[in-house]
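Q: Chains as they are written, first to last, in this note's numbering: chain A, 97 to 502; chain B, 381 to 625.
Any given hint could turn out to be false.
What the hints assert, rightly or not - Covered stretches of chain A (in silico footprint by chain B; criterion: 3 or more residues with CB under 8 Å from a CB of chain B, positions within the stretch not fixed): (1) 387 to 397; (2) 406 to 418.
As the list claims (entries may be wrong) - Here are the simulated PhoX-like cross-link-like pairs (lysine-lysine), alpha carbons at most 20 Å apart as the crow flies: (3) A:Lys488 - B:Lys609; (4) B:Lys622 - B:Lys413; (5) A:Lys109 - B:Lys457; (6) A:Lys314 - A:Lys249; (7) A:Lys289 - A:Lys272; (8) A:Lys314 - A:Lys233; (9) B:Lys503 - A:Lys489; (10) B:Lys503 - A:Lys105; (11) A:Lys256 - A:Lys288; (12) B:Lys413 - B:Lys457; (13) B:Lys467 - B:Lys457; (14) A:Lys272 - A:Lys249.
To be clear, the hints were calculated from the coordinates, so they are not data collected in a lab.
In this text, a Cβ means the ideal position worked out from N, Cα and C, and glycines have one as well.
Each chain is listed here by its residues.
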Amino acid sequence: MLQLTNLFKAAFKSILKNRMRSLLTSLGIIIGVSAVIVMVAIGEGTQAQIEQQINALGTDLIIAFPGASRAGGVSRGAGSSNRFTFDDVEKLRQEATLLSAVSPVVIAGSQIIGGGNNWSTTIFGVSPEYFEIRSWKLEDGDFFTERDVRARKKICLLGKTVAEELYPGQNPIGEKIRIRNTPFTITGILQKKGQSGMGQDQDDVVIAPSTTILYRLKGGQYINMINASSISADLIDEAQEEMRTILREAHRLEPGEDDTFTIRNQAEITEAASATSKIMTILLGAVAGVSLVVGGIGIMNIMLVSVTERTREIGIRLSVGARSSDILTQFLTEAVVLSLSGGLIGIILSFGTSLFMNKFTAILTVINPLIILISFIFSGAVGIFFGFYPAKKAATLNPIDALRYE
Amino acid sequence: MNLVIETKQLTKTYQMGEVSVQALRGIDLMVDKGEFVAIMGASGSGKSTLMNLIGCLDEPTSGEYYLDGKRVSALSKNEYADIRNQKIGFVFQGFNLLPRTSALENVELPLVYDRTNRIKDPKKAVIATLERVGLGDRINHIPNQLSGGQQQRVAIARALVNQPSIILADEPTGNLDSHTSIEVFSVLQELNDQGITILLVTHEHDFALYAKRLVEMRDGIIRRDFIVKNRRDAKQDILNIKDED
Numbered sequence: 097m098l099q100l101t102n103l104f105k106a107a108f109k110s111i112l113k114n115r116m117r118s119l120l121t122s123l124g125i126i127i128g129v130s131a132v133i134v135m136v137a138i139g140e141g142t143q144a145q146i147e148q149q150i151n152a153l154g155t156d157l158i159i160a161f162p163g164a165s166r167a168g169g170v171s172r173g174a175g176s177s178n179r180f181t182f183d184d185v186e187k188l189r190q191e192a193t194l195l196s197a198v199s200p201v202v203i204a205g206s207q208i209i210g211g212g213n214n215w216s217t218t219i220f221g222v223s224p225e226y227f228e229i230r231s232w233k234l235e236d237g238d239f240f241t242e243r244d245v246r247a248r249k250k251i252c253l254l255g256k257t258v259a260e261e262l263y264p265g266q267n268p269i270g271e272k273i274r275i276r277n278t279p280f281t282i283t284g285i286l287q288k289k290g291q292s293g294m295g296q297d298q299d300d301v302v303i304a305p306s307t308t309i310l311y312r313l314k315g316g317q318y319i320n321m322i323n324a325s326s327i328s329a330d331l332i333d334e335a336q337e338e339m340r341t342i343l344r345e346a347h348r349l350e351p352g353e354d355d356t357f358t359i360r361n362q363a364e365i366t367e368a369a370s371a372t373s374k375i376m377t378i379l380l381g382a383v384a385g386v387s388l389v390v391g392g393i394g395i396m397n398i399m400l401v402s403v404t405e406r407t408r409e410i411g412i413r414l415s416v417g418a419r420s421s422d423i424l425t426q427f428l429t430e431a432v433v434l435s436l437s438g439g440l441i442g443i444i445l446s447f448g449t450s451l452f453m454n455k456f457t458a459i460l461t462v463i464n465p466l467i468i469l470i471s472f473i474f475s476g477a478v479g480i481f482f483g484f485y486p487a488k489k490a491a492t493l494n495p496i497d498a499l500r501y502e
Numbered sequence: 381m382n383l384v385i386e387t388k389q390l391t392k393t394y395q396m397g398e399v400s401v402q403a404l405r406g407i408d409l410m411v412d413k414g415e416f417v418a419i420m421g422a423s424g425s426g427k428s429t430l431m432n433l434i435g436c437l438d439e440p441t442s443g444e445y446y447l448d449g450k451r452v453s454a455l456s457k458n459e460y461a462d463i464r465n466q467k468i469g470f471v472f473q474g475f476n477l478l479p480r481t482s483a484l485e486n487v488e489l490p491l492v493y494d495r496t497n498r499i500k501d502p503k504k505a506v507i508a509t510l511e512r513v514g515l516g517d518r519i520n521h522i523p524n525q526l527s528g529g530q531q532q533r534v535a536i537a538r539a540l541v542n543q544p545s546i547i548l549a550d551e552p553t554g555n556l557d558s559h560t561s562i563e564v565f566s567v568l569q570e571l572n573d574q575g576i577t578i579l580l581v582t583h584e585h586d587f588a589l590y591a592k593r594l595v596e597m598r599d600g601i602i603r604r605d606f607i608v609k610n611r612r613d614a615k616q617d618i619l620n621i622k623d624e625d
């Protein structure tokens with residue numbers, strides 16, 4: 097058998113004899129490989145960004161909201177026991193051992209007026225623990241206290257977006273805004289939190305004491321959801337289970353009866369969000385993979401031309417004693433060298449592109465070493481697959497005909 | 381007797397659709413070591429077909445062929461390739477050198493495919509062979525940079541480098557002017573004087589006279605087979621031409 101190094105040397109030599117053509121042939125693979133790597137890098141970068149944003153909410157966050165998660169086909173109706181009240185929150189605070197903080201969340205949507213402007217936003221009625229649970233810091237001013245909640249004080253904190261919309265370039269602390277004709281005094285501005293993993297602007301919000309919102313604004317006795325945090329992120333599943341047990345007891349559910357509420361923890365939400373972006377990554381990679389295959393067809397095309405062009409050379413080689421297998425290996429090696437060097441250039445190019453994107457665009461890219469390996473191997477496989485037919489054609493040439501070929 | 385080639389009733393029939401063409405109709409040919417045989421004949425006489433059979437590029441329809449005393453028949457493609465590699469040296473009409481490839485690498489080609497490792501130092505052997513055909517100072521030239529005569533000498537060196545049992549030259553001077561042709565024949569005669577067996581195919585009677593023996597073919601059989609009486613000496617011819625100038 098011929099030495100492998102000699103084979104590669106010969107292949108390189110023959111490729112270098114047709115520099116321009118070889119480069120253009122490899123271009124398909126170069127673009128394909130770099131497209132695969134960059135696309136997957138974009139996908140993974142987005143995924144990492146989403147996870148980072150969600151985890152910024154606090155990894156120990158547990159959210160309970162009314163309504164069964166399992167659609168059993170039976171509607172339980174909106175009975176009073178199916179919805180949360182302040183009593184449920186109180187019971188959790190007293191009985192739960194694995195929950196470090198519990199806050200009710202009352203949600204109201206409304207137009208607000210202040211500073212001569214108006215703005216439609218979401219109003220959250222919560223208890224002071226809420227800021228701890230969501231690890232939300234103040235930019236300016238003060239939080240409200242448990243006493244304010246008990247007193248149903250008409251005070252509120254503004255999210256950054258709301259503050260900028262109503263009081264651009266001003267300090268709104270101490271100012272009054274009107275929510276459904278009720279005046280609220282602004283006590284603080286919350287720090288910017290940015291977009292959530294789902295794409296919502298988390299700063300487009302007004303936060304006020306839960307009691308104020310429920311009794312003065314909405315009326316009724318039901319709260320929209322309960323937010324809590326577990327004492328540690330490791331115990332989140334246990335904390336969730338404890339919360340479930342307490343809530344079932346509060347709602348007097350018999351054993352065997354389905355939950356009338358749903359509890360989600362941060363890990364599950366992160367998973368759901370990253371599952372979406374994972375699908376996106378796979379999709380992007382697959383589309384780019386198609387271009388890699390198209391690049392392979394380009395190689396096959398040029399190799400076929402090359403075999404025809406070099407029919408005489410093949411005849412000469414056969415006449416001096418080359419075996420069919422020698423010719424096959426020669427042309428296969430050329431195809432593989434073409435595709436592998438294309439792959440290598442593609443990898444370098446993708447590094448450059450990824451660096452460029454990270455530096456000059458808002459898109460975050462994370463290059464996965466595994467994808468580099470996979471796409472490199474895949475480009476080699478493309479070379480073997482699409483190089484085989486032309487190589488086989490070369491190897492089965494009859495030496496007499498090949499020598500006479502003009 | 382030290383027979384290099386012996387054929388017994390060698391025939392070759394080509395099937396072209398409905399028609400079958402008998403290119404060879406029973407060839408008995410013996411070539412001894414050190415001979416210089418010229419096969420002559422008009423086109424269609426079967427001389428090229430015979431050359432292909434002897435060169436193991438093709439298989440006979442019937443008959444026997446012995447090369448170096450060993451029967452060559454019904455071998456695998458790889459075995460034929462190995463015979464071509466180790467026992468046969470081809471010189472073609474159109475030189476058939478690899479383009480854009482140096483003389484050195486062209487001559488090295490048969491050694492690349494030699495699986496026996498008979499030749500200990502391939503590079504040295506290649507250079508020695510090129511020096512033998514008078515191209516020691518042209519080893520790194522590519523075919524485009526060489527004259528026709530020089531290109532054919534590279535081809536002869538390539539045929540020689542594997543120390544074959546026989547050199548098969550198929551119209552080696554078909555593409556060359558007469559002066560250069562004589563130069564090429566002087567190289568062949570010199571090699572023959574050193575003991576190399578040569579089988580030449582030509583249709584020019586003048587050039588056939590550089591051989592020691594002449595075989596005339598017509599319609600697929602050998603018509604005449606005789607020793608050349610007034611053999612020409614290529615070196616002497618070159619000197620004569622120079623005198624005329």
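Q: Within 20 Å, alpha carbon to alpha carbon, are Lys503 (chain B) and Lys105 (chain A)?
A: 16 Å, holds
Q: Are three or more residues of the segment 387 to 397 of chain A within 8 Å, CB to CB, of chain B?
A: violated (count 0)
Q: Sort out whether Lys457 (chain B) lies within 20 Å of Lys467 (chain B), counting only the CA atoms.
A: With a Cα-Cα distance of about 15 Å, the restraint between Lys467 (chain B) and Lys457 (chain B) holds, given a limit of 20 Å.
Q: Given the hinted pair Lys289 (chain A) and Lys272 (chain A), is their Cα-Cα distance within 20 Å?
A: Given pair Lys289 (chain A), Lys272 (chain A) is violated - Cα atoms ~24 Å apart, limit 20 Å.
Q: Is the Cα-Cα distance between Lys622 (chain B) and Lys413 (chain B) 20 Å or less?
A: 34 Å, violated
Q: Between the alpha carbons of Lys503 (chain B) and Lys489 (chain A), is the straight-line distance 20 Å or under?
A: Not satisfied, since the Cα-Cα distance of roughly 32 Å exceeds 20 Å.
Q: Could you grab the alpha-carbon distance between Lys413 (chain B) and Lys457 (chain B) and see if it respects the 20 Å cut-off?
A: Violated, at roughly 26 Å.
Q: Using C-beta distances, would you say chain B covers the segment 406 to 418 of chain A, given that this needs three or more residues below 8 Å?
A: It holds, with 10 qualifying residues against the three required.
Q: Do the alpha carbons of Lys256 (chain A) and Lys288 (chain A) lie within 20 Å of each other, as the hint requires?
A: Roughly 6 Å between the alpha carbons, so the hint for Lys256 (chain A) and Lys288 (chain A) holds.
Q: Would the pair Lys109 (chain A) and Lys457 (chain B) pass a check requiring their Cα atoms to be no farther apart than 20 Å?
A: 28 Å, violated
Q: Does Lys272 (chain A) pair with Lys249 (chain A) here, judged by a C-alpha cut-off of 20 Å?
A: Measuring from Cα to Cα gives roughly 13 Å; hence the hint holds.
Q: Straight-line Cα separation of Lys314 (chain A) and Lys233 (chain A) no greater than 20 Å?
A: The given pair, whose Cα atoms are some 27 Å apart, is violated under the 20 Å limit.
Violated hints, listed in ascending order, are 1, 3, 4, 5, 7, 8, 9, 12; each of the other numbered hints is respected by the structure.
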